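Trainee: Here the protein sequences come in this chain order: A and B. Anchor point for the first sequence: position 231 equals 230 in numbering that gives the first Met the number 0, and the numbering is continuous, going up by one each time. Anchor point for the second sequence: position 221 equals 220 in numbering that gives the first Met the number 0, and the numbering is continuous, going up by one each time.
Misleading hints may appear alongside valid ones.
Stated by the list, open to error - Cross-link-like lysine to aspartate or glutamate pairs, in silico, EDC-like; alpha carbons within 16 Å at most:
1) K158(B) to D87(A)
2) K90(B) to D67(B)
3) K294(A) to D196(A)
4) K155(A) to E96(B)
Hints in this document: simulated from the structure, not taken from any laboratory. Note that the coordinates shown come from a computational prediction; the quantities given were computed from them, not determined experimentally.
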Amino acid sequence: MSTAPKQLVIISGKGGTGKTSLAAAIAHLAAGELPIVIADADVDAANLDLVLHPTRLESHPFSNGLVAEIDEEKCISCGLCEEACRFDAILVPDRTGDPYGIDEVACDGCAACVYHCPVEAITMREPQVGEWYLSETPYGPLYHAHLFAGADNSGKLVTLVKQQAKLRAMDDGRPLVVVDGPPGIGCPVISAASGADLALIVVEPTLSGAHDLARVLELTDHFGVPALVAINKGDLSEQQSAAIEAFCRERGVALSVRIPYDTLVTEAMVAGQPITAWAESPAAQAIRALWATIKARLGLQGKE
Amino acid sequence: MRITVASGKGGTGKTTVAVNLALSLAAAGRAVTFLDCDVEEPNAHIFLRPQIEREETTGILIPEVDDDRCTYCGRCAEVCVFHAIAVIGTKVLVFPELCHGCGSCAYNCPEKAITEVLHPTARLRWGKATGEGTPIAFGEGVLDVGQAMATPVIRELKKKGLPAEEESIAILDAPPGNSCPVVETMRGSDFVLLVTEPTPFGLHDLRLAVQVAREELGLPAGVVINRDGVGDDSVERFCAEAGIPILMRIPLDRRIAEAYAQGETIVARLPEYRERFQALYRRIEEEVGR
Chain A
0 MSTAPKQLVI
10 ISGKGGTGKT
20 SLAAAIAHLA
30 AGELPIVIAD
40 ADVDAANLDL
50 VLHPTRLESH
60 PFSNGLVAEI
70 DEEKCISCGL
80 CEEACRFDAI
90 LVPDRTGDPY
100 GIDEVACDGC
110 AACVYHCPVE
120 AITMREPQVG
130 EWYLSETPYG
140 PLYHAHLFAG
150 ADNSGKLVTL
160 VKQQAKLRAM
170 DDGRPLVVVD
180 GPPGIGCPVI
190 SAASGADLAL
200 IVVEPTLSGA
210 HDLARVLELT
220 DHFGVPALVA
230 INKGDLSEQQ
240 SAAIEAFCRE
250 RGVALSVRIP
260 YDTLVTEAMV
270 AGQPITAWAE
280 SPAAQAIRAL
290 WATIKARLGL
300 QGKE
Chain B
0 MRITVASGKG
10 GTGKTTVAVN
20 LALSLAAAGR
30 AVTFLDCDVE
40 EPNAHIFLRP
50 QIEREETTGI
60 LIPEVDDDRC
70 TYCGRCAEVC
80 VFHAIAVIGT
90 KVLVFPELCH
100 GCGSCAYNCP
110 EKAITEVLHP
120 TARLRWGKAT
130 GEGTPIAFGE
140 GVLDVGQAMA
150 TPVIRELKKK
160 GLPAEEESIA
170 ILDAPPGNSC
180 PVVETMRGSD
190 FVLLVTEPTP
200 FGLHDLRLAV
210 QVAREELGLP
220 AGVVINRDGV
230 GDDSVERFCA
240 EAGIPILMRI
250 PLDRRIAEAY
260 AQGETIVARL
270 PEYRERFQAL
280 YRRIEEEVGR
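Excised from the complex, chain B in its bound form:
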């Protein structure tokens, strides 16, 4: 089972829900993998406090030109859609920040003068979060500051970190927004859990997130209403109209906000929530089974 936790709007409680769901399932003895796909601002480690066992550099493959072989024919620049390589006289310039790593320049070079080398843009960190029950396999991507492209990092993180076993549960914590990085996180998931707050901003971005999950990717989705009690009832009306199940409500509770501020989880502060998150998972299973 692969579950992506997303929201559209930032700060609605994606990480809170993802982390507490993972901990509650691990406490019940389930094998859980947690991937923090919010590579621009990864925060899950603050709450899961994993022991990092391994760290690796990742990035994109950019061209390196062998001057001895290059005839400056300009074919590489011609095929590069992103203008990441330019030939000026007898100089070939590569712009790593524009390169998408597609390999077209190397493939099309008639002199085989181009090899592809890794341009580091991020680190992938792997470890284990031990709490009650089964240890959680943890992975996160951390985009280097100043780097622009989050999507390739998410792709690598998923490629390397998703478990093969059917019976294990993978929880992917998505970035905010509704563009490429979110789509990349959701792709291949069995279910998208959308965390929202019952306000006009929450609703506006929830609508977009539903569009991405259901219409663009054809994935089943359900909603968790966080800070239930603030705002208005427009989110509820939308869910009823769109036929999206509300799977859980987390009330506005100062104890939860305080725990969050200190980097503490809900289930550590209010252990009764463990059962509620386990029930959330059963609801997700039901929805996926439909």
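Bound conformation, chain A alone:
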């Protein structure tokens, strides 16, 4: 068995196009043929566990960066910290009625205030901002995380989760890591997609979907990640689906079959099951075809 597992990342640009439902279905189909590791890289709105029913085996604290703290006893209320702070994170007595303090949500952890304070009243500390977990699912080990509400998603937690999943795949000789990515094109997405062997981009047939697809494709090009586009709920707009397909062909981007709109997908989500495990519905059939395409693109040998 090769030591370098293939990484499939599922992203979308626009949120809510069906990344997680698709990731769960792919994990279900893949696990039927070969041993896999699953990673949920959407750490600030992680949903994969709602469908995969993980049993938690390990839980680890996660810290990322610093937060300033003002010592009331030492503070002389000179206001220099407020002038220094570019993130509006200094709570000023005039506005709050309290002594000088730090708005921890706004604090960027840069420590500029520390250097400006003439009486060394400010120190930096490193609070815990999240947790990451190893869990067991019916389809393989799942690495996932929870970033506390409002914390800075610099992509470090995403990278950590992905790294752990990859190491596990190497240790066990599992040939595939399925990564459920976050929406957008910023830090967390860059962290989720970097180093992937294939990015499955899930797009919905709307003008917004097409607009966001163009941007996310620029990103995968930029980082040299091969892309495969899947139109979800393709029959909701024939016109937009056709436009997206024409756009992909023009750009030389690989296209999978369209996945039809299928109310059973929501039903499966409510029941907490991957659609492919729930019913042999039209969407499930399309996802089976999509999985065959992914397997071929990644050069994986399935059992089937």
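Given the structure of chain A, go ahead and fit chain B onto it with the hints provided.
Mentor: Chain B in isolation, oriented as in the chain A frame:
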């Protein structure tokens, strides 16, 4: 009045609600400012079709080192929490993608060898969306592809785009998720409108968004249930338990989905919704007044 429209989960209809609310209020003659704070994937322009009158580059201030003055003492690298500047022998390396623009390197340089220069990461676009009633003042941030940090762009967009007048209404369309960029969008708002869909994913992310709005920021929040009728009743039960008002329901309606696909607004396709969105605003006013 400043209203942030957010959701936690992506694709629940934030932009749809924000845009239709703005259009309905403008149609009633209200002065409305619309800021698209989803700078990674801004979509509101597709629906509002603003005429862009001005475009500017924004970014973060990164250090530029004057080699003649620099003594390679390494103080800048020492104070940089983000490891965005390094001194190796007689070379100073700056890594713009790691820099947060805090200015500590320049401030602490004993030789005053560092000046701060703008490193472009995004464009801010300003214009007007004209429909029925008062034109809407429009602003959006567009993060350059390959750039990592959305939060500073949102901060600039708000700094420059929020109206000073008390009587005008500002509507901020937030990005998905529950981390920094969402917090930056919500900060300073009078009300957070959370758009969700009645499914387990919608509920899970709604819970987190409520935590950010109410607990982290202490802001009043209310919910709009979109695609009402799909999924289950868990969102409703959660709202009742948490004491969060459900301010509006938009049913699952193929006509709305089709309009959305073509970049058309609900109020253009189904004008009766204008009154419903105006009623939503009155509900928000009531909630804020509490």
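Trainee: For every hint, state whether the structure bears it out.
Mentor: So, going through the hints one by one against the coordinates:
1. K158(B) to D87(A): 11 Å, holds
2. K90(B) to D67(B): 12 Å, holds
3. K294(A) to D196(A): At roughly 12 Å apart (the allowed maximum being 16 Å), D196(A) and K294(A) satisfy the hint.
4. K155(A) to E96(B): Given pair K155(A), E96(B) holds - Cα atoms ~14 Å apart, limit 16 Å.
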